[in-house]
Amino acid sequence: MSLEISREFVDAILEQSRAEYPDECCGVILGPAGSGKALRHKPMINAAHSPTFYEFDPKDLLALYREADDNDEEIVIIYHSHTETEAYPSRTDIAYAGEPGAHYVLVSTRKEIAPSTEFRSFRIIDGVVTEEPVTIVG
Amino acid sequence: MSIEVRIPTILRPYTKDQKSVEAEGATLSAVITNLDSNYAGLGERLLENGALRRFINVYINDEDVRFLGGLEAQIKDGDSITILPAVAGG
Numbered sequence: 001m002s003l004e005i006s007r008e009f010v011d012a013i014l015e016q017s018r019a020e021y022p023d024e025c026c027g028v029i030l031g032p033a034g035s036g037k038a039l040r041h042k043p044m045i046n047a048a049h050s051p052t053f054y055e056f057d058p059k060d061l062l063a064l065y066r067e068a069d070d071n072d073e074e075i076v077i078i079y080h081s082h083t084e085t086e087a088y089p090s091r092t093d094i095a096y097a098g099e100p101g102a103h104y105v106l107v108s109t110r111k112e113i114a115p116s117t118e119f120r121s122f123r124i125i126d127g128v129v130t131e132e133p134v135t136i137v138g
Numbered sequence: 001m002s003i004e005v006r007i008p009t010i011l012r013p014y015t016k017d018q019k020s021v022e023a024e025g026a027t028l029s030a031v032i033t034n035l036d037s038n039y040a041g042l043g044e045r046l047l048e049n050g051a052l053r054r055f056i057n058v059y060i061n062d063e064d065v066r067f068l069g070g071l072e073a074q075i076k077d078g079d080s081i082t083i084l085p086a087v088a089g090g
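Line order of the protein sequences matches chains A and B.
Numbered by the working numbering, the letters in the first sequence go through residues 1 to 138 in order.
Numbered by the working numbering, the letters in the second sequence go through residues 1 to 90 in order.
Careful, some of the hints might be misleading.
Unchecked claim - Here are a few chain B residues that face chain A, going by a calculated C-beta distance under 10 Å: (1) PRO8; (2) THR9; (3) ILE10; (4) TYR59; (5) ASP62; (6) LEU68; (7) THR82; (8) PRO85; (9) ALA86; (10) VAL87.
Treat the hints as calculated values from the structure; they're not laboratory data.
No residue lacks a Cβ here, since even glycine has one placed at the ideal position from N, Cα and C.
Please work from the sequences and hints to get the whole structure.
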């Protein structure tokens, strides 16, 4: 288990998390169904507009899954930012994780570690969190 | 009457890995009861204390059932129901 992701996407996610600070940002990276490859970045709106919670708007969520189906894609990465805490799944992240096949990526832009950031990837299956190595390419 | 219900990955263990199943019922509540009788345990993943779980989204065609009366939403022959877990966290 590991995640390979291009530098371009990592930079875009970190930039989005700074732009939406102090709210959490969120989004997905899609890839061809069955490939596991993270190839198409799609930032999403955090409908909760909150520094401690994120949620895709239910209408956007349906549109996202329809679009993925139409393009024969799957959601490879689901990411969100933590603005004041480390990049590790919170209790609510674990409770609501509903995509057993996805990499759950967390980034942290908390000020204690600025200007550096954290970018980590996890599997969350049946309430069990497993961190996996991240390889940044390109 | 027959309704197509699209099942998300996380609930497919209940439907023998089928992405979509057929169900019957004139309301969402009846459809869920019907689903649970064919796919035991599925109902409990959708309902909590007799209400739809907060972080399960259910759509009839393109509309979120929360705007259609929730469990009392009327279902017509040929409607398509989509179940999606919310993408959310803290």
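Legend entry - Hinted contact B/THR9 with chain A - closest CB pair below 10 Å: holds, 6 Å
Inset, instruction - Under 10 Å, Cβ to Cβ, is where B/ASP62 needs to be relative to chain A, so tell me if that hint holds or is violated. - result: holds, 7 Å
Inset, instruction - Please verify that hint: B/LEU68, Cβ, nearest Cβ of chain A, below 10 Å or not. - result: violated, 12 Å
Inset, instruction - Return the status of the interface hint for B/VAL87: holds when the least beta-carbon distance to chain A is below 10 Å, violated otherwise. - result: holds, 4 Å
Legend entry - Evaluation of the interface hint that places B/ALA86 against chain A, nearest CB under 10 Å: holds, 6 Å
Inset, instruction - So, B/PRO85 near chain A? Judge it on the closest CB pair being under 10 Å. - result: holds, 3 Å
Inset, instruction - Under 10 Å, Cβ to Cβ, is where B/TYR59 needs to be relative to chain A, so tell me if that hint holds or is violated. - result: With Cβ-Cβ at 5 Å, under 10 Å, it holds.
Inset, instruction - Have a go at the B/ILE10 hint: is there a Cβ in chain A nearer than 10 Å to its own Cβ? - result: With Cβ-Cβ at 5 Å, under 10 Å, it holds.
Legend entry - B/THR82 as chain A interface residue, shortest Cβ-Cβ below 10 Å: For B/THR82, the interface hint holds, since the closest Cβ of chain A sits about 7 Å away, which is under 10 Å.
Inset, instruction - So, B/PRO8 near chain A? Judge it on the closest CB pair being under 10 Å. - result: holds, 7 Å
Hint 6 from the list above is the single one not met by this structure.
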